[in-house]
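Chemist: Protein chains in written order, with the numbering used here: chain A, 1 to 338; chain B, 1 to 320.
None of these hints come from the bench; they were simulated from the model.
Since this is a predicted model, take the numbers as computed values, not measurements.
All residues carry an ideal CB built from backbone N, CA and C; glycine is no exception.
Incorrect hints may appear among the rest.
Claimed, not checked - Label pairs and their in silico Cβ distance ranges: (1) P284(A) <-> N281(B): 56 to 62 angstroms; (2) H154(A) <-> L122(B): 43 to 49 angstroms; (3) K12(B) <-> I119(A): 57 to 63 angstroms; (4) E134(B) <-> S28(A): 46 to 52 angstroms; (5) E135(A) <-> D98(B): 36 to 42 angstroms; (6) D263(A) <-> G74(B): 37 to 43 angstroms; (7) P59(A) <-> G74(B): 58 to 64 angstroms; (8) Y100(B) <-> R269(A): 24 to 30 angstroms; (9) N19(B) <-> D150(A): 30 to 36 angstroms.
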Amino acid sequence: MERLLEVKDLEVSFKTYAGEVKAVRGVSFHVDRGETVAVVGESGCGKSVTMQAIMRLIPMPPGVIKNGTIVFDGKDITKLSEKEMEHVRGSEISMVFQDPMTSLNPTMKVGAQIAEGLIKHQKMHPKQAREKAIEMLKMVGIPNAEKRVDQYPHEFSGGMRQRAMIAIALACNPKLLIADEPTTALDVTIQAQILDLMRDLQKKLNTAIIIITHNLGVVANLAERVLVMYAGKIIERGSLDDIFYNPRHPYTWGLLMSVPTPDLDKSKRLASIDGTPPDLFAPPVGCAFAARCEYAMKICYERYPEDFPVSDGHSAACWLLHPMAPKVKPPIGKGVTL
Amino acid sequence: MSMAENPLIEIKNLQKYFNVGRGAVLKAVDNVNLQIMEGETLGLVGESGCGKTTLGRTIVRLYEPTGGEVLFEGKNVHKLQGQELREFNRKAQMIFQDPYASLNPRMTVADIIGEGIDIHGLYKNRERTERIYELLNLVGLNKEHANRFPHEFSGGQRQRIGIARALAVEPKFIVCDEPISALDVSIQAQVVNLLMELQQKLKLTYLFIAHDLSMVKYVSDRIAVMYLGVVVELATSEDLHKSPLHPYTQALLSAIPIPDPETERKKKRILLEGDVPSPINPPEGCRFAKRCRHAKPVCTEKQPEFKELEKNHFVACHLY
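Looking at chain A on its own, in the form it has when it is part of the complex (with noise of 0.2 angstroms):
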C-alpha cells in the first residue's frame, strides 16, 4: 500500500513557567492510504498533542516542535509557510473532535459551515456549494437534509451534531481523517451509530483514519492497526489482532485487562495498573512505564528499551523482549510466551 503520512522523530515539548513540558518525546509511525488506524492511551500521553502537530495547531508559544519530520503525500507539513498550511488543513486533512457543541460554530448556520471548506478550497460557486452541503447531510444520514441545511447547530442533537462534523470534515474529500475522540461524548446507541457511518464512509471515499480514543470496543469496531502510546512514546505498535491477541507490552496488558470482558464474572477482580503516568516536566530516564510495571527489571529505570520487533509490523519497546530477559508469560492474549 502506498505511504500517506509518514511521521518521524517527532519531539513536543511545551514551555510553561514551571519548566519544559515534553509532550511527545519521539514519535515516528505511518499511515497507509484508505486505512485506519487507532491511536490509545490514556490522557496526557500525547496523542492529541501528536494530531495537533500534524494538523500544524500547536500553540506557538508555548509550544515548541523540537525535532522530526511530517511528511504528508510526499511533502514536509514542518516546511510549509502558513498559507500552504491552510490548503492542507481544509482540502487534505481534516479533523473530527470530541465535543461536537464546542467545535461547531453557533453563530452560522450549519449549511454554511460545510460550504465554507468548499467555496474557499475548491472555489465552488455559493449556490453550487449549498447543494453539496445538502447531499453531505444527506450522505451523513440526517433526514431532512434540504431543511437542515438552514439550521443552526442549537436545533441539532448531539449525534447530529456530531454527522454535521463529519460532513464539514469530509466534504472536500481530504485523504485524511483524523477523529480524536469523535464518540466519547455521544450515547452508546448513537456511538455505534457514528461508527457504523465512519466504516461506511470510508469504503465509499476510501479516506485513511486515524482515531484516537481509550475505548478499547471502539477500536476492536474500526481499526485495522494499533499505536499504543505512554508518556509521550508509542510503546507497542501492531495489527488489530496482534494488539488484543498478542499484545508484548506490559502496559498494553494492563489496559487490555482493565475493562470488563463480557464473561468476567464478580467475584474476580478486575486488574488495574497500580499509580499514575508519569510527570512530563522531568520523564524519567529510562521506561516510562517501569514504576507501575510489574515485571520491572534494574535495565528498566536505567536506559529507554528499544523498539524490539515481534512480527512483521508488530513491535514493542520492553526489556522482556531482549533475548536475555527472563521469559514471561503474558497474562492475558492467545500468544506463547516471551
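Starting from the known structure of chain A, fit chain B onto it as the hints suggest.
Modeler: Just chain B, lined up with the frame of chain A:
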C-alpha cells in the same frame, strides 16, 4: 454475594416532573417502581436524559418528588423530620460523576472528609483526626494527603477523596452517579475495585448509575434499564445480558463495542434510528415505540405494564 431478602429501599410510583415553562412538563422520572435489597448493587443504565440521575437524586432527597414515595428501612424519606432525618442523611450518601466539580477547592482534604463527621457529631479532636487518616488509608491515600487541597490531586485520587467523604459518616447506602466515567481506563479499574472491596468490608448497598453497560454488568447484582423516565426492564445482571427481553435493552446491548476484534467482526448490530426523543411532553403509550422495530398499533396507544415475565425478570413491553 448472597442477596438479603428484605429491601433496604422501596421506590413506589415515583414521579419527578420539572416545569420548563409555557405549560410544558419534563417528566424526568415517571412512575418508577423499584426495590433495592440490603447489600446488593443495583445498576441503573440508560442514555443521557433518561432520568437515571434524577432518580438517584430523588432517592437521597436532593429533589422533592412530584408523586409517589421512597421508603428507606420502611419509612418515607421525604416525610422524615428531626433526628430521623439526620439519621437518614447520614445513612444515605452520594458519589458524584465529576471529581473536579464535586470537591470544594478552598477546603483541605481533611476538612472535606471531616465536614460530615462534624455535622453528625461522630468524632471529636484526636479521634476525628485519627478517623480521617483511617478513611484516607481505606481509599488508598495516606495521611500526608490530609492537609492538601483538591487541585493537587489527579482525577482518580479526587474520586477517592469523594469516596472517603461519603464513607466518613458510616453510611449504609451510596448512590454512585457515574463515578468512573470521567476517569481513564486504568484508573477506572482502580476505583471500581475499591468500591467493590469497600462494599464487602462495610456491607454497603449501592445504586450504581452509569451508561457503560459492560462495567455495570461487572459490578451489579441486578440491573434496571431506563428509557425516557421509565424503567423498561429489570433483571439480574446475568439474565439481562444473556436474554434481554425489551427491544431497547437488546439494541443497547448490541450497540456496545466489545474489546475483542473477532466478536466485533462477527457481531450483528441492531441499529436504532434517530435519537432519544425529548422527555418534555413524551409520547403516549410506550415511550420507545417510535424507534422500535417491533412496534404494533397498541404500542402507541397504551403504556405497557411492568410485569414479571420470568422469576426476577421484569419488563414493560407489549410484545410479551
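Chemist: Now, for every hint given, state plainly whether the structure supports it.
Modeler: Hints, one by one, checked against the model:
1. P284(A) <-> N281(B): 56 to 62 angstroms: holds (58 angstroms)
2. H154(A) <-> L122(B): 43 to 49 angstroms: Since the Cβ atoms of H154(A) and L122(B) sit about 48 angstroms apart, the hinted range of 43 to 49 angstroms holds.
3. K12(B) <-> I119(A): 57 to 63 angstroms: holds (60 angstroms)
4. E134(B) <-> S28(A): 46 to 52 angstroms: At 49 angstroms between Cβs, range holds.
5. E135(A) <-> D98(B): 36 to 42 angstroms: holds (40 angstroms)
6. D263(A) <-> G74(B): 37 to 43 angstroms: holds (38 angstroms)
7. P59(A) <-> G74(B): 58 to 64 angstroms: Once the Cβ atoms are compared, 60 angstroms apart, the range 58 to 64 angstroms for G74(B) and P59(A) holds.
8. Y100(B) <-> R269(A): 24 to 30 angstroms: Once the Cβ atoms are compared, 27 angstroms apart, the range 24 to 30 angstroms for R269(A) and Y100(B) holds.
9. N19(B) <-> D150(A): 30 to 36 angstroms: About 32 angstroms separates the Cβ atoms of N19(B) and D150(A), which means 30 to 36 angstroms holds.
Hint compliance for this structure: every hint is met.
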